[in-house]
Structures are given as C-alpha cells and as structure tokens.
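Trainee: For reference, the chains in residue letters:
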Amino acid sequence: MTKGADKESGGIDWSQYQGGDFFDEMITPKGGARRASQRVVKHLGQLSREELESRRVAAESTVRDMGVSFTVYSDGENIDRTWPFDLIPRVISAKEWEQTANGLKQRVRALNLFINDVYHEQKIFKDGVVPEYLIKDSKNFRPECVGITPPKGVWAHICGCDLVRDADGKFYVLEDNLRVPSGVAYMLENREISKRVLPELFETNNILPVDDYPAKLFNMLASVSPRKVRQPEIVILTPGIYNSAYFEHAYLAQQLGVELVEGSDLFVDKDDCVYMKTISGLERVDVVYRRIDDLFLDPEAFHPDSILGVPGIMRAWQAGNVALVNAPGAGVADDKVVYAYVPKMIEYYLGEKAILPNVETYLCDDPEQLKYVVENIEKLVVKPANESGGYGMMVGPHATKKDHEEFRKLVQENPRNYIAQPTLMLSTAPVITGPGEAEPRHLDLRPFVLQGTDLAVTTGGLTRVALKKGSLVVNSSQGGGSKDTWIVAEGGAK
Amino acid sequence: MMLSRVAERVYWFARYLERVESMARLIQVYTGLLFDLPRDTGISWHNLVIASGSHGEYNRRFSVQDEKRVVKFLLEDLSNPSSLASSLRMVRENIRTTRDIVPQESWELVNEFQIFVSENIAQGLNRRYRHEFLEEIIKTCQQINGLIADTMRRDAAWHFLNMGRSLERADMTIRILEAGASMSSDFIENDTNHVLDAVWGSVLGTLNATMPFRRTMKVAIKGDDAARFLLEDTLFPRAVTCGLLRMQDSAKQLPSSEKVMSCLNDFVKTVTSGSDYTDVSVGFPAYLTELEKNSIVIHKAIQDTWFQPT
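Order-wise, the sequence lines are chains H and F. The first sequence maps to residues 1 to 494 in my numbering. The second sequence maps to residues 1 to 310 in my numbering.
Worth double-checking, as some hints may not be accurate.
[Said to hold, decoys possible] As a list, the in silico SDA-like pairs of lysine to any residue whose alpha-carbon atoms are at most 25 Å apart: (1) K277/H with D304/F; (2) K277/H with E8/F; (3) K277/H with S256/F; (4) K270/H with E105/F; (5) K195/H with E8/F; (6) K277/H with R96/F; (7) K277/H with G274/F; (8) K228/H with M1/F; (9) K139/F with A58/H; (10) K277/H with I115/F; (11) K195/H with E105/F; (12) K277/H with A301/F; (13) K195/H with K259/F; (14) K277/H with R5/F; (15) K259/F with E283/H; (16) K277/H with M1/F; (17) K139/F with S264/H; (18) K300/F with S264/H.
Just so you know, these hints were derived from the structure itself, not from any lab.
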C-alpha cells in the first residue's frame with residue numbers, strides 16, 4: 001500500500017490500520033482502499049511523516065484563526081472552544097450520494113405534508129395510519145398553529161437528517177431535526193480548511209463543491225416571503241452570543257448578506273407587522289430565519305419571561321405578515337416516536353416506498369415492544385423522545401447495571417417518552433491519532449434539506465466523528481469532532 | 001440599512017482597537033523616554049497611568065508605583081478595563097457580534113491577534129523584549145485598519161467605524177497632552193530644558209507626530225508648539241481638530257445627524273480658538289479637562305441619535 005514509503009518516516013502506514021468488525025468508510029476488511037477513497041488513501045500513505053504532521057498543525061491553526069468555535073454552556077468565562085477537525089476527509093461516491101439525496105428529499109416532502117395535516121384535517125389519524133395520541137401528548141404540538149397555512153404549505157424549511165451506516169454499509173436515517181438544526185456552517189468551513197491544507201487532492205479528485213448552500217438557502221428564504229416584493233427583507237434571529245451555535249448564525253448572516261438580529265432589534269407594531277430598529281428608524285421585515293426555539297420565540301404567546309424573543313411575532317405570523325423559518329409547531333414531527341412512523345407517512349402521502357430505511361425502533365408504549373425493551377435493555381440504545389444533543393440517552397452495552405435498572409424504571413413509568421433501538425454497528429473512518437498514525441473512529445452524517453418552492457440537499461453534509469476510542473457519541477458538546485465530507489464523482493481529475 | 005445595535009458595536013470596535021494601539025504606543029515611547037532622562041529626575045511610571053486615564057482605579061488598588069506593577073496593570077490586567085488585554089478582548093467581543101458587516105478577514109486577524117497577545121504577554125512585561133512585542137501589536141492594529149481602509153465599502157458601518165476611531169484618537173491626544181503637562185510642571189522649576197525637550201519629544205513620538213510637527217511648525221520642539229500642533233492642526237490624523245473634521249465628514253452621510261453636527265461644530269470652534277498652552281501647571285490642564293468634557297458630549301449625541309432604539 002505504502003509503496004516504497006519508509007515505515008519510520010512515511011505517512012500513514014495503512015498496513016497497521018485495524019478496522020475491526022465495523023464497516024469502515026475508507027478501508028475494506030482486506031486492507032485495501034474503497035474505490036472512492038483510493039486517491040486519498042494512496043496520497044496520505046505517500047506523504048512524508050513531517051509533511052503529514054505539518055498539514056495537521058496547519059489545519060489546527062486554520063481552525064483557530066477562522067474562529068471556528070462552538071459554545072458550551074457550562075464553560076462560563078471561556079465560552080469559545082475550537083471545534084476539533086480531523087484532517088482525513090470522509091469520501092462518498094457521487095453515485096451513492098445521488099440516491100441518498102433523493103431519499104432525503106422524499107422524506108422531508110412527506111414530513112411537511114404530515115405537519116400540515118396535523119394542523120388541519122388530521123386525515124392520517126382518521127385513516128388509522130398513525131395513532132392520534134402521537135400528537136396529543138407531544139411537547140412540540142402547538143395549538144396556536146391549528147388552522148394556519150404558512151406560505152407554500154411548508155413548515156419545516158430546513159431539516160437536518162442524521163444518517164448512520166450500519167455493519168452492512170447501508171445508510172439509515174437515525175433522526176430528523178426539524179426545529180433549529182445546526183452544523184451547516186461547520187460543513188462549509190471544513191471545506192475551506194481542507195482546500196488550504198490538502199490542495200493537491202483537489203486537483204486529482206473530482207470533489208463536488210458544497211459552497212452553493214448559502215445561495216440555495218437565500219433563494220429558499222426569499223421564496224417564502226409573504227410580501228411579493230423584489231427584495232424581501234430577510235433576517236436571521238439569534239438568541240445571542242451565548243448560544244452554542246452563535247458562530248453559525250453570524251457566519252450564515254455573513255454568507256447570505258442578511259442582517260443578524262437579536263430579539264431586541266425587532267418590534268411588532270399595532271399593524272401586526274414586524275419591524276427592525278435601524279439607524280434611520282423602523283424597517284419592515286418579511287422573512288425571519290429564527291434560530292430560537294418555539295417556546296422562547298414570543299413572550300406574549302409562550303414563556304412570558306423570555307427576553308430572547310419578540311413580543312407579538314406569533315400574532316404577525318398568524319396574520320400572514322411574516323414568514324417564520326422553520327414555522328412554529330414544525331417540531332411536532334421532530335420526535336423519536338413520530339420518527340418510527342415516517343416510512344408509513346411516505347407511503348400514505350406520496351404513494352412511494354421509502355428510499356432511505358429507518359433504524360429499527362421499539363415504541364415503549366406498545367406493551368409487547370415495551371416487554372422486549374425491558375428484557376433486553378442491556379443490548380439496546382434507549383432515547384427520550386424529545387431531547388437533542390445526545391442528552392438523556394443510554395447506550396446499553398456501554399452502561400452499568402445501575403443505569404440499566406434506572407432506565408427499566410424510566411421506560412415503564414413513562415413509556416410514551418422513550419424509544420429503543422438496537423445498538424448499531426456504527427461505521428468508522430480513519431482519524432489521525434499521532435504522527436503517521438490513524439485509527440478507526442465512529443461517525444455519522446448530517447445532511448441539510450431545504451424546502452421552499454423547490455427541494456434541495458447539501459452536497460454531502462457535516463460528518464461528525466467521536467474522537468474517543470470506541471465512543472459512539474459524536475456530539476460536539478460531548479467530545480466529538482468533525483471531518484470534511486467529499487462527494488467524489490468517478491472519472492478522476494476535473 | 002443598518003441596525004442600531006450593530007452601529008453601536010462597530011463604533012465600539014473601532015474605539016477599542018484604537019485603544020489597543022494607543023496603549024502599546026504609550027508604553028513603547030515611555031519606556032524609551034525613561035532611558036533618555038537623567039536618573040535623578042525622579043520621573044515616575046505613574047504618569048503612564050495618568051495618560052491611560054485609569055489613575056483612579058490604580059490608586060485605589062495599589063500604592064507601589066514601580067515599572068513592574070504599572071506595566072502589568074496596563075498590559076495584562078483584565079480587571080483593569082483600560083488595560084491592553086481588556087481593550088483587545090472588547091475588540092473581539094464587538095467584532096464577534098458584527099462580523100457579518102466588516103471585511104471577513106478582519107475577524108481572522110483579530111482572532112490571531114488575541115492568541116498572539118495572550119501567548120506572548122510575558123514579553124511585554126520584560127523590558128528586554130518589550131520593544132519587539134509592542135511593535136508587533138502596533139503593526140497588527142495598522143494591518144487591521146489597513147484592511148478596513150482598503151476593502152470596506154464607505155457605507156454606514158464604515159462611517160460609524162470612522163467616528164469611533166476619530167473620537168478615540170482625539171481623546172487619546174488630549175490625555176497624552178495631559179501627561180506631558182503634568183511631567184513638565186514637575187520639572188519646570190529646575191531649569192531642566194533638556195528634560196522638557198525629551199518630554200515633549202516623547203509626546204509627539206507617542207502620536208507618531210514628530211516629523212509632521214517639524215515640517216509643519218518649522219521650529220524646534222517646545223511644549224506650547226507641540227500642544228498647538230496636536231490640538232489645532234487640520235491635516236494630521238491624530239490632531240484633535242483633524243479628527244473632529246473627519247467625524248463631521250462621516251456624520252454628514254448618516255440620517256438625522258443635525259444634533260451631532262452641531263455638537264461637533266461647537267467642539268471645533270473651542271479647539272481652534274486656542275488657549276494659553278504655556279501655563280502647564282494650571283491653565284492648560286484645566287483647558288484640557290474642558291476638552292474632555294466636550295468629547296463626552298459628542299459621544300452622548302451619537303448615542304442618542306443612532307444607538308437608542310425608538
């Protein structure tokens with residue numbers, strides 16, 4: 001593999017790479033490179049050890065200089081931490097990606113039809129395809145949204161669907177994030193970093209660009225403006241600098257050329273229109289890409305003590321004077337129990353078979369499935385229906401007996417609030433662990449799907465990787481890092 | 001179109017960046033000045049604290065006024081809001097929240113800058129490496145300002161930036177003149193002309209004004225001429241009048257600027273009508289205090305006109 005490279009001073013010695021029982025994204029069980037990764041694997045083996053190390057250092061300092069950072073609440077004073085970046089790209093073939101992207105579009109189309117149905121006729125419940133209790137006790141169902149039709153009937157304009165590969169090497173959807181999914185800025189910055197530190201690979205590989213995302217996002221936002229004007233006023237509403245994704249809010253505002261606003265910058269007048277406070281007075285706003293959770297969005301409608309939101313913005317939205325992206329109440333489909341029914345929704349609304357499979361899911365409120373979960377809890381991953389960021393979940397094989405007991409109790413006390421899934425053999429990819437050394441680490445993929453007048457999917461997405469050996473948790477708040485994701489077309493150099 | 005909050009942050013970004021550079025210059029020149037003065041002059045490091053405008057805070061906390069204590073206080077002390085490290089932190093905080101309207105590379109530069117300063121601050125405390133360290137800081141500030149000058153559109157954001165920077169410069173020039181006057185009055189009785197020359201030479205040097213002064217005034221360096229040049233010159237960027245005129249250029253371009261324009265007009269009239277700059281112990285310091293008040297009035301007018309949401 002490392003053809004003539006000296007083991008002491010050469011780059012990555014792939015013959016030492018131990019993939020284990022998992023599907024590895026780059027290296028086959030026999031030790032060869034997968035087809036789409038061939039050039040990358042060969043190149044990393046041929047670079048000298050010093051050269052590889054200097055690329056790694058350069059990537060690190062590029063991350064720092066770019067100020068790529070995420071916020072961790074508990075850090076207090078030091079709210080910035082750099083987001084760990086691994087030099088080795090994750091490579092997916094364009095052919096495989098095309099099929100995956102179609103699956104994602106299909107899924108989001110069905111989800112939007114579902115949400116619209118939930119807030120109108122509720123046909124899917126009446127037809128008995130999905131049980132009604134699903135939304136009756138849902139934390140994310142908003143009575144304020146009943147009867148409202150947002151522009152184009154779209155509720156979830158931006159979705160982050162988490163994909164994983166199991167041991168069979170196939171992509172499965174792990175969850176749909178329909179509230180305020182984050183991470184796309186890291187996808188864009190990761191590409192900037194790899195262009196700077198591995199420029200030669202861009203000459204020898206046909207790597208599809210990712211940087212059309214801001215333009216697609218802008219077009220989507222403009223397409224949902226309720227006022228038909230040539231240049232609708234679009235803003236990004238951030239909870240502010242202490243939010244974990246503030247970096248991304250600012251980055252996107254810059255890429256889109258729109259204003260980044262905080263709640264106190266906006267104001268709803270007696271005419272139920274939204275205005276922003278500017279140096280020349282008040283200015284009408286058409287589209288709010290809000291990065292604030294529903295319940296903090298409007299102190300008049302939800303939490304009265306929220307200082308992040310804009311009093312009256314729900315009124316303005318209900319009156320059809322402003323578009324909120326994603327629409328309030330879209331989170332009703334962002335629930336791990338609802339998730340289990342998505343393949344059925346696709347059949348029901350679209351009359352198609354789901355292109356992308358779900359991970360097998362046990363619903364604890366079904367007595368038989370609950371019994372299975374309680375009896376097999378040490379083999380399963382148990383997740384609360386409504387948490388994000390990997391909080392409150394238990395990975396059976398990695399947990400203690402005490403945890404098993406605790407979760408047996410939790411699921412029995414509140415079955416509606418929990419789902420369980422088999423522990424996946426999450427795929428791995430090589431991560432640089434030392435000079436000239438690479439070891440497999442588990443990863444997932446978060447592509448972003450846009451729906452306005454049209455549907456669009458990012459080219460690849462954000463690959464998140466668990467940097468701790470054996471760990472399955474990829475969240476940035478819990479020790480994860482990221483990789484650049486390359487969708488590579490066959491046929492070599494551009 | 002510009003948000004009031006963003007205008008305010010851009011304005012403060014420019015003010016704090018100017019403060020970082022001023023502080024570096026101040027310590028740089030003062031360290032040099034102390035080498036030039038006879039050992040027995042008893043001139044104190046405390047003058048630096050006066051020039052930075054933070055003597056109230058310093059006197060409350062410390063009684064020792066030696067080099068180590070003073071330089072530490074002015075360079076790295078994050079509990080001192082006027083320290084270089086504090087100002088740089090505010091530069092970053094303000095640009096961090098307005099990075100969508102300043103040139104993209106300035107955010108990267110500010111990040112690198114803060115990392116450089118926090119990793120090398122010990123060099124600034126050590127006299128042997130101080131010069132090089134401060135020189136690097138000044139250069140970086142100029143690099144950021146240069147990037148903005150060359151790549152930023154002359155839109156509202158630029159005008160707020162320009163106003164913040166110009167007002168901060170005027171403030172700094174007044175404070176440095178105050179420190180000069182304070183040192184002069186310490187020495188004036190002792191007929192120590194060469195000491196006075198060194199003091200006023202360093203005042204000009206701190207503001208990069210030595211050559212412009214010589215070419216404009218065509219006289220040897222003297223206290224009252226230096227003051228006249230630094231207050232009244234209309235073309236030297238760090239002279240107070242010049243800064244005020246630049247602020248007017250920007251204010252004119254912004255909506256509803258009448259009140260700010262009239263305050264600036266008053267200030268320009270006061271500065272250009274001059275004063276007796278030779279009375280370094282009473283009259284001149286009192287006049288400078290008056291000018292400082294004027295500068296606060298301008299800031300207040302800017303705030304009321306553009307930053308306060310209505």
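Trainee: Which hint numbers does the structure go against, in order from smallest to largest?
Mentor: 4, 5, 7, 10, 13, 17
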